[in-house]
Structures are given as structure tokens and as C-alpha cells.
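Engineer: For the protein sequence lines, the chains are A and B, in the order given.
In terms of my numbering, the first sequence is residues 3 to 101.
In terms of my numbering, the second sequence is residues 2 to 458.
Think of the hints as simulated: they come from the structure by calculation, not from any bench.
For clarity, every value in this text was computed on a predicted model and none was experimentally measured.
The beta-carbon is built from N, C-alpha and C at its ideal position, and this holds for glycine as well.
Take these hints with a grain of salt, some might be off.
As the list claims (entries may be wrong) - In silico lysine to any residue, SDA-like type, Cα no more than 20 Å apart, as pairs:
hint, chain 1, residue 1, chain 2, residue 2
1, A, LYS91, B, ALA29
2, B, LYS452, B, ASP323
3, A, LYS65, B, ALA62
4, B, LYS23, A, SER29
5, B, LYS300, B, ASP331
6, B, LYS300, B, GLU373
7, A, LYS65, B, VAL56
8, A, LYS91, B, SER357
9, A, LYS91, B, PRO80
10, B, LYS231, B, ILE40
11, A, LYS91, B, LYS452
12, A, LYS91, B, PRO28
13, B, LYS253, A, GLN26
Unchecked claim - A short, non-exhaustive set of chain B residues, derived as facing chain A with CB atoms under 8 Å:
hint, residue
14, TRP60
15, PRO338
16, ASP393
Listed here are the chains, written in short residue letters.
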Amino acid sequence: MSTEIELSIYVFILAGFLGLELVQRVSPLLHSPLMSLTNAVSAISVVGAILITGSGEATVLSKALGVVAVTFSTINIVAGFLITDRMLKMFRKEGKKEK
Amino acid sequence: MTENFWQFSYLVAAVTIILSIKWLNSPATARRGVHAGQIGMLFAIIGTLLRHEVVSFEWVAVGLVLGSGIGVPLAYLMPMTALPQLTALSHAFGALAAALVGTAEYYQHAPTGFLMGALVVETLLGFLTATASVMAFGKLQELVPTRPMTYKGQHVVNLGLLAFAIFLAGWVIEGSAPAWAFPTFSGLSLLFGVLLILPIGGGDMPTVIALLNSYAGMSAAAMGFALNNKLLIIAGALNAASGFILSVIMCKAMNRSFTNVLFGAFGQVQAGGGAAATAKPVRSATPEDAASILANAHKVIVVPGYGMAVAQAQHKVRELTDMLVKRGVDVQFAIHPVAGRMPGHMNVLLAEADISYERLHEMEDINSDFSETDVALVIGANDVVNPAARHDTTSPIYGMPILDVDKATTVMVIKRSMNPGFAGIDNELYYDSRTLMLFGDAKQFVAEIVKELPKAA
Numbered sequence: 003m004s005t006e007i008e009l010s011i012y013v014f015i016l017a018g019f020l021g022l023e024l025v026q027r028v029s030p031l032l033h034s035p036l037m038s039l040t041n042a043v044s045a046i047s048v049v050g051a052i053l054i055t056g057s058g059e060a061t062v063l064s065k066a067l068g069v070v071a072v073t074f075s076t077i078n079i080v081a082g083f084l085i086t087d088r089m090l091k092m093f094r095k096e097g098k099k100e101k
Numbered sequence: 002m003t004e005n006f007w008q009f010s011y012l013v014a015a016v017t018i019i020l021s022i023k024w025l026n027s028p029a030t031a032r033r034g035v036h037a038g039q040i041g042m043l044f045a046i047i048g049t050l051l052r053h054e055v056v057s058f059e060w061v062a063v064g065l066v067l068g069s070g071i072g073v074p075l076a077y078l079m080p081m082t083a084l085p086q087l088t089a090l091s092h093a094f095g096a097l098a099a100a101l102v103g104t105a106e107y108y109q110h111a112p113t114g115f116l117m118g119a120l121v122v123e124t125l126l127g128f129l130t131a132t133a134s135v136m137a138f139g140k141l142q143e144l145v146p147t148r149p150m151t152y153k154g155q156h157v158v159n160l161g162l163l164a165f166a167i168f169l170a171g172w173v174i175e176g177s178a179p180a181w182a183f184p185t186f187s188g189l190s191l192l193f194g195v196l197l198i199l200p201i202g203g204g205d206m207p208t209v210i211a212l213l214n215s216y217a218g219m220s221a222a223a224m225g226f227a228l229n230n231k232l233l234i235i236a237g238a239l240n241a242a243s244g245f246i247l248s249v250i251m252c253k254a255m256n257r258s259f260t261n262v263l264f265g266a267f268g269q270v271q272a273g274g275g276a277a278a279t280a281k282p283v284r285s286a287t288p289e290d291a292a293s294i295l296a297n298a299h300k301v302i303v304v305p306g307y308g309m310a311v312a313q314a315q316h317k318v319r320e321l322t323d324m325l326v327k328r329g330v331d332v333q334f335a336i337h338p339v340a341g342r343m344p345g346h347m348n349v350l351l352a353e354a355d356i357s358y359e360r361l362h363e364m365e366d367i368n369s370d371f372s373e374t375d376v377a378l379v380i381g382a383n384d385v386v387n388p389a390a391r392h393d394t395t396s397p398i399y400g401m402p403i404l405d406v407d408k409a410t411t412v413m414v415i416k417r418s419m420n421p422g423f424a425g426i427d428n429e430l431y432y433d434s435r436t437l438m439l440f441g442d443a444k445q446f447v448a449e450i451v452k453e454l455p456k457a458a
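For reference, chain A alone in the conformation it holds in the complex (with noise of 0.2 Å):
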């Protein structure tokens, strides 16, 4: 196995261990938000996108493919990160008005 993929195992598997780590501690209050912030943090693929898209050498299928998914994936990022701003804005205490 080269180092590589050796090293990618090891950095999939504590970020892994790390996420379980961090949504543990979420309270369940936000987990609609928690489900909606990591729905946009899954359309990372965009980089994957940009990258097929944007290069020298893409046939004519995967360019078109790849604008497909940049624009797929964008909507994903932007939607996910609005409607998660549009909830926790709503999250708050008694009395205390929105800063």
C-alpha cells in the first residue's frame, strides 16, 4: 500500500473519531441545524467539481458533468448554510431580543 493511501486512512478515520467526538456533544435542541450545517459541509465535493471542470485536459462529457455538479453542489452549500442561519436565528432566549 503506498503512503498515501496510508496516510489518507489514518486522516479518515480520526476525523472520523473526532466528528463522532463533537456531534456528542450537540444538544439535541440543535440538531435540525447540526443535520442542515453538515448538509452544506458535504457539498465539499465542489472542490472535486471545480477541479474536473476546471481543467486543461477534460473531454466534453466530463466538463459537462462537472458544471452540472458545480452548480448541483453550490446550490447544496448555499442553501444548507442559509436555512441553518435562517434557524438558529430564531433560537433564543426569553426576553432577549435578536442582537
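Dock chain B against chain A, hints included.
Structural biologist: Okay, now just chain B, sitting in the frame of chain A:
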């Protein structure tokens, strides 16, 4: 310097994304978390654009602009009540994007071995999550029947298709597969998404949406392996872990095993029960009765359920809460983990109606309070308050943790009719001598109580 700037940019992105989830743990820092996440994604995109592999920008720009142009109105125009649908739809877009990138990679480089293995996982989960999310959207929007759709031999068909897909995947990874193998594999992945959601009923949606969230993360992480990109792996793994934990929490709250969920074996609960629903007497009450009981209570716990969301009753509930609090009544809310159609659904609805989050309590924290509570007001919740879950071993929901509303001095249940809830199980709570049934639309009924309350002595 610019040579390596993208790596630095990815590092910033990874750190801010981790921080964003960390800050989401409390309402006080949650919005900071969103901003951190936004900054992280921005750095991820900028960093990618600066990489020397990226040479043409027109089409990337088209995608980014078009995506923002669709995403912004999508997030703002959909009503807040359509939240679960909206999340499902947003999932579908992201997952499809991941799958398309996988497809493009395959046709571009036709890799084999480990890289192709990663691509196969990415494509499978991407396509599967995309169609499953669309189906979930359809069920939530009630475009597709919300009842579980099952047929004989469902498992055999699903497993057969899965075996075929795995065979194709192995063939493609090995490298000698014919041209039709990959498209067929993609088609099967799309089909799986549909088959996965068909047997799932509305009440299981919270688990499913969380699970799809996890799949989308796995897909992004797999893409990270295929592209040897650590940022994708980190963000994907975080996301997969988050979705996984949420679905485990939901499973526990319904006393379902995780394998039961993974294999989509939902909806087998409708058998049994039901038959016992003979014409037992129930006590019903008018809004005036309800108002006077509430006005004389010291402590009231409200138990909201999906019915409250459907009837859009949360604002009326807020009015009721305000009036009762003004009269010196202690009003709290008890939230079951699977109430509603997505994790945390009730919290968001009540927050929308401006009810302080300090009044919202989780099941474990509030269950012991019911015995000292004068009135438990159940609004549109059913199975999560069914005492049969505690003692009736034949009940499909036996063993599911429930809110102990039957320990309160008086239980009032606002309900449209005596029809059983999602699981099709009769609820003995309704026949209890302490229970008063308030028949009607949740919003109207609460509005009428609000109207009667000032007159109540």
C-alpha cells in the same frame, strides 16, 4: 508562494469546518459556527481555484453563479415549515454532484484498483442518496404516498440487485469490465435510492434523513480517497460521523436496531394492534373546560408532535404559553427525540414561534417531572406517549422510550379524531380515566382555549 497557497487554504478550510461543528454545540455559539463553516467552504473553493490544475474558469464560474442563483431563493422562499423537505432536497443536489464527479473521473482516467474502489463507493452512495433524498422529499411533501409501501419478496429483490451491483463494481475495479458495466452500476445505484425509501413510513423520516446525511458524507470522503484530497476526507468523515450519530440516537428513541434501519426494513409494524380498538368510552372536553383546567394548574407540560407541525399550531401554542405564564403557571415543553419528521424538528418549530429554548426539554430531563405536573397537554403526538410501549410485549412499539404523560394528574390530548397514529396502534392513554380528549384541529382548538382563558376563573 501562490504555488502552495492552495494547501494553506485547504488547511484553513479544514480547521474552520471542524470549529464550525464544535461551536454548534450550544445555542450561544451556534451562529458563530455557521459563519466558520461558510468561511471554511469559501477557503476550500478559493484554494481549489488557485490550484495549477485548474486552468479554465468560465464554466466553473457559470456553475457557481447558477448554483447560487438557485440556492438563495430555494432557501428563502420555502416556508420554514417545509424544513424537512428542504433539507432532503438540498441533500439530493449535493449527493448527485458527488456522483457526477465520480462518473466524470471514471470516464476521464478509467482508474483501477484502490482508486476505482473509492470511485465506486462515491458513485454508489452519491446516486443512492440523491434518489433517496428526492423520494424522501416526495413523501414529506406528500407527492408520494407517505405510508410504507411493501410487497412480497422485497428483500429478495433488493438483495439480488445489491449482489449484481457488487459484482459489477468488482468487475470495474478489476479493470476488464465492458463499457456497459459502469452505467448499469450507476443505474442500479439510482434504483436503490428509490427502493430504500419505498418501505419507509412518515414517522421513520427522522432516522432516514439522518442516515442520508451520513451517506452523503461517506460519498464526499470516498471522493477524497479517489482524488487524494485530505480536506474532502476530513469534511466527509465529520459529516458521516454526524449523520451516523443522529441516526443512532433516532434508532434508540424508537427502540429499533441499527441493522433494521440500514437494510430499510421499516414499516413492518402495521401488523397486530389495531384490532383491539373496540368502542371503549373516552372522555372528551370543550375548550372552556380545557381553559379552566389549565388556568387552575400550577405546572403544565406541553408535549408537541407532528400533528402540531401539520396544523401549524405553534404560534397559537406560544400565545397560550404566554397567557398561562402571565397567570403564574409554570409551562414547560417535553420533546421526544423522534417527534416530527427530522431530528430536532419540534425545537425549530417552537423556536420559530418565539418560545424560549430554555423551556424546551429532552425526554430524559423532564420525564421525572410528570408525576408533579397538573396537566400534560399533548398536541398532535401519539406513539411517543403510548404507555403500551412500557408493558405490552405484543405491541409493535414495545420497549420504545416514551414520555410519561400518564403520570400527570390530568392529561389532555388534542387530536383530530380517534384514528390511530402512524404506527397504526391504538393508544390506551386515550381511555385512561385521567385523560380528556380535545377533538379538533390543533390550531383551532388551541386558539379557542386562548379565547376562553381570560374568562376562566
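Engineer: Against this structure, judge whether each hint is valid.
Structural biologist: Hint by hint, here is what the structure shows:
1. A:LYS91 x B:ALA29: Satisfied, since the Cα-Cα distance of roughly 11 Å is no more than 20 Å.
2. B:LYS452 x B:ASP323: At roughly 13 Å apart (the allowed maximum being 20 Å), B:ASP323 and B:LYS452 satisfy the hint.
3. A:LYS65 x B:ALA62: holds, 13 Å
4. B:LYS23 x A:SER29: Holds, because 11 Å separates the two Cα atoms, which is no more than 20 Å.
5. B:LYS300 x B:ASP331: Measuring from Cα to Cα gives roughly 5 Å; hence the hint holds.
6. B:LYS300 x B:GLU373: holds, 8 Å
7. A:LYS65 x B:VAL56: holds, 13 Å
8. A:LYS91 x B:SER357: holds, 12 Å
9. A:LYS91 x B:PRO80: holds, 15 Å
10. B:LYS231 x B:ILE40: Satisfied, since the Cα-Cα distance of roughly 18 Å is no more than 20 Å.
11. A:LYS91 x B:LYS452: Roughly 30 Å between the alpha carbons, so the hint for A:LYS91 and B:LYS452 is violated.
12. A:LYS91 x B:PRO28: Between A:LYS91 and B:PRO28 the Cα gap is close to 10 Å, so the pair holds against 20 Å.
13. B:LYS253 x A:GLN26: The given pair, whose Cα atoms are some 14 Å apart, holds under the 20 Å limit.
14. TRP60: holds, 5 Å
15. PRO338: Holds: closest Cβ of chain A sits about 6 Å from B:PRO338, inside 8 Å.
16. ASP393: violated, 27 Å
The earlier numbered hints that this structure contradicts are 11, 16.
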